[in-house]
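Residue numbers (the UniProt record's numbering), protein chains in the order written: chain A, 1 to 318; chain B, 1 to 318.
Be aware that a few hints might be false.
[As the list claims (entries may be wrong)] Listed next, with one range per pair, are the computed distances between beta-carbon atoms:
#	chain 1	residue 1	chain 2	residue 2	range
1	A	E36	B	E259	39 to 49 Å
2	A	N298	B	T117	20 to 30 Å
3	A	K116	B	N5	53 to 63 Å
4	A	L129	B	Q109	42 to 52 Å
[Claimed, not checked] Taking lysine-lysine pairs in the DSBU-like style, the calculated list, with each CA pair at most 30 Å apart, reads:
#	chain 1	residue 1	chain 2	residue 2
5	B	K126	B	K138
6	B	K313	A	K112
7	A	K268	B	K237
8	B	K112	A	K264
9	B	K126	B	K98
10	A	K94	B	K297
Since the hints were made in silico from the structure, they are not lab data. The beta carbon of each residue, even a glycine, is placed where N, CA and C say it ideally should be.
Protein chains: 2
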Amino acid sequence: MDNPNLPSKKILLETHQRIKPFIHNTPVLTSQLLNEVSGCNLFFKCENFQKMGAFKMRGAANAIISLSEEEKSNGVVTHSSGNFAQAVSLAAQKLGVKAYIVMPENAPQVKKNAVKTYKGDIIECKSTLQAREAAANKIKEEKGATFLHPSNQDEVIYGNSTAAMELLEVQPELDFILTPVGGGGLLAGTALAAHHFSKKCKVIAGEPMEADDAYRSLISGKIETNETVNTISDGLKTHLGDRNFPIIKDYVDKIIRVEEHEIKEAMKLIWERMKIIIEPSSAVPLAAVLKNKSEFKNKNVGIIISGGNVDLKNLPFV
Amino acid sequence: MDNPNLPSKKILLETHQRIKPFIHNTPVLTSQLLNEVSGCNLFFKCENFQKMGAFKMRGAANAIISLSEEEKSNGVVTHSSGNFAQAVSLAAQKLGVKAYIVMPENAPQVKKNAVKTYKGDIIECKSTLQAREAAANKIKEEKGATFLHPSNQDEVIYGNSTAAMELLEVQPELDFILTPVGGGGLLAGTALAAHHFSKKCKVIAGEPMEADDAYRSLISGKIETNETVNTISDGLKTHLGDRNFPIIKDYVDKIIRVEEHEIKEAMKLIWERMKIIIEPSSAVPLAAVLKNKSEFKNKNVGIIISGGNVDLKNLPFV
Numbered sequence: 001m002d003n004p005n006l007p008s009k010k011i012l013l014e015t016h017q018r019i020k021p022f023i024h025n026t027p028v029l030t031s032q033l034l035n036e037v038s039g040c041n042l043f044f045k046c047e048n049f050q051k052m053g054a055f056k057m058r059g060a061a062n063a064i065i066s067l068s069e070e071e072k073s074n075g076v077v078t079h080s081s082g083n084f085a086q087a088v089s090l091a092a093q094k095l096g097v098k099a100y101i102v103m104p105e106n107a108p109q110v111k112k113n114a115v116k117t118y119k120g121d122i123i124e125c126k127s128t129l130q131a132r133e134a135a136a137n138k139i140k141e142e143k144g145a146t147f148l149h150p151s152n153q154d155e156v157i158y159g160n161s162t163a164a165m166e167l168l169e170v171q172p173e174l175d176f177i178l179t180p181v182g183g184g185g186l187l188a189g190t191a192l193a194a195h196h197f198s199k200k201c202k203v204i205a206g207e208p209m210e211a212d213d214a215y216r217s218l219i220s221g222k223i224e225t226n227e228t229v230n231t232i233s234d235g236l237k238t239h240l241g242d243r244n245f246p247i248i249k250d251y252v253d254k255i256i257r258v259e260e261h262e263i264k265e266a267m268k269l270i271w272e273r274m275k276i277i278i279e280p281s282s283a284v285p286l287a288a289v290l291k292n293k294s295e296f297k298n299k300n301v302g303i304i305i306s307g308g309n310v311d312l313k314n315l316p317f318v
Numbered sequence: 001m002d003n004p005n006l007p008s009k010k011i012l013l014e015t016h017q018r019i020k021p022f023i024h025n026t027p028v029l030t031s032q033l034l035n036e037v038s039g040c041n042l043f044f045k046c047e048n049f050q051k052m053g054a055f056k057m058r059g060a061a062n063a064i065i066s067l068s069e070e071e072k073s074n075g076v077v078t079h080s081s082g083n084f085a086q087a088v089s090l091a092a093q094k095l096g097v098k099a100y101i102v103m104p105e106n107a108p109q110v111k112k113n114a115v116k117t118y119k120g121d122i123i124e125c126k127s128t129l130q131a132r133e134a135a136a137n138k139i140k141e142e143k144g145a146t147f148l149h150p151s152n153q154d155e156v157i158y159g160n161s162t163a164a165m166e167l168l169e170v171q172p173e174l175d176f177i178l179t180p181v182g183g184g185g186l187l188a189g190t191a192l193a194a195h196h197f198s199k200k201c202k203v204i205a206g207e208p209m210e211a212d213d214a215y216r217s218l219i220s221g222k223i224e225t226n227e228t229v230n231t232i233s234d235g236l237k238t239h240l241g242d243r244n245f246p247i248i249k250d251y252v253d254k255i256i257r258v259e260e261h262e263i264k265e266a267m268k269l270i271w272e273r274m275k276i277i278i279e280p281s282s283a284v285p286l287a288a289v290l291k292n293k294s295e296f297k298n299k300n301v302g303i304i305i306s307g308g309n310v311d312l313k314n315l316p317f318v
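Next up, chain A with everything else stripped away, as it sits in the complex (with noise of 0.2 Å):
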């Protein structure tokens, strides 16, 4: 039976309309030494290709896009230090919207600068949650802009889903397509394209041991939290919210732990086979199917690649 909630073919296909000018329709890679290694049919959905490198930028373009013109006067704020930080500066500065972007004050000068190429405003706070929330809300109440969630909220949930939509069109007959599950953004996207736009095709997500309050969260019921996030896959630490975590326990098939080093080496692989740059994240997937070989023997594996931010002087796996 269908969720309630669930948007429909219609509502996907208008969110891929809309966004079309301000993101990459993306390449579909394939690597015939992965596929022997995997024991199954590997498409890799390029989103480190995306615009500002990751498929952050669909649901940030949908979320502004969708807002009314007295919104868009009056800006967009987040707190993020990553590729949502990023996605969301680029796609404000893009559509002619402000964007202020809260971010504790000991981010790393990297990802500052790169908010900075896009024109974010900076607004540094202390590093806890509730100093950024409360920066947040400072903004929000000063200036009226609107805040936008880095995965749980509707429009970005279904602008990332079209990283699927599209991947699905290059590759009709996918068994499986797997995503890494952080935040739940991209996972419920992908489910919800798949749930659409593919007669038989299974969402699966990889997800660190070290961070897996998504796979308890689907045996329990509800929405677990880490006490601890020891993983190199930075994009992975946070936990599903209650607009994404519907969907993803109507439509998710299942939840793949993974080890550290099994993520590392899914990179090494990726990096020196494919010779592509992708962050850990992007990792996870791979290293779910290699973990579950007999699973996925001689199948159609998609594999979202979720971004390619990272930091070349600190590799994990070299």
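For chain A, the structure is supplied; the task is to place chain B on it using the hints.
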């Protein structure tokens, strides 16, 4: 007037057909950001995604396929510690031919391992050119193996042509194609392809200032060599040969020399902005475009990304 040694269009088309089962038709990538930085429309033919990670697979495959059955049964030999060694090993393996690879005993273990992965038979020798040639000659005499040259052999040059042929199939309206120049095999092959498959496309090479033998050869009209080769572009330290120089003299428009810091900056741009892994030699053409921006302004410029085999532990730009 046509060079009398010039292969016909038909020969190049047959070459492409012949090697197709053994190579990838690699993707052509674009980057809006690099277009903005350079002021022209760049089309990157990604031979870093080629089998074994470099365009050398094309020439090696063609050279081995072109042998007689008797020659094939006696194997092939080359002396190289770079991409050609891997290419010959892999092409020979796929064609069921024995490959003898003469390598200096002090070659990096990672390069020896790559050859072993493809089942090449490594013969170690002292690291001088004389020792390498003597070792290769010994194999020729003892085993009857055919010597394959990495850049100065017609079959290798014609095989290399197929990269630019594929690029021109996808982008027929190119004004320029740029390649790096080392031994001259890729540059000559690209010039042949542009001559036969484009009406207007000029071919230009980028060359490190620190190993500018090809630039000086075009001026003097004879093959020049380098006294020193202090460049990070380890694939570009060799000099032209008597088979490729006549083609380069007749069909290459010019050679643009670039400094080491320009190569590093171009390499960094491609890694960080395009999220693809390229070796230093592959950054030389973009460095040449960025050095001579006015020449390429608003033009359609193809660049052959020659390969992606790089030591991740020792990146020159981080």
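*Hint numbers not upheld by this structure, sorted from lowest to highest*: none
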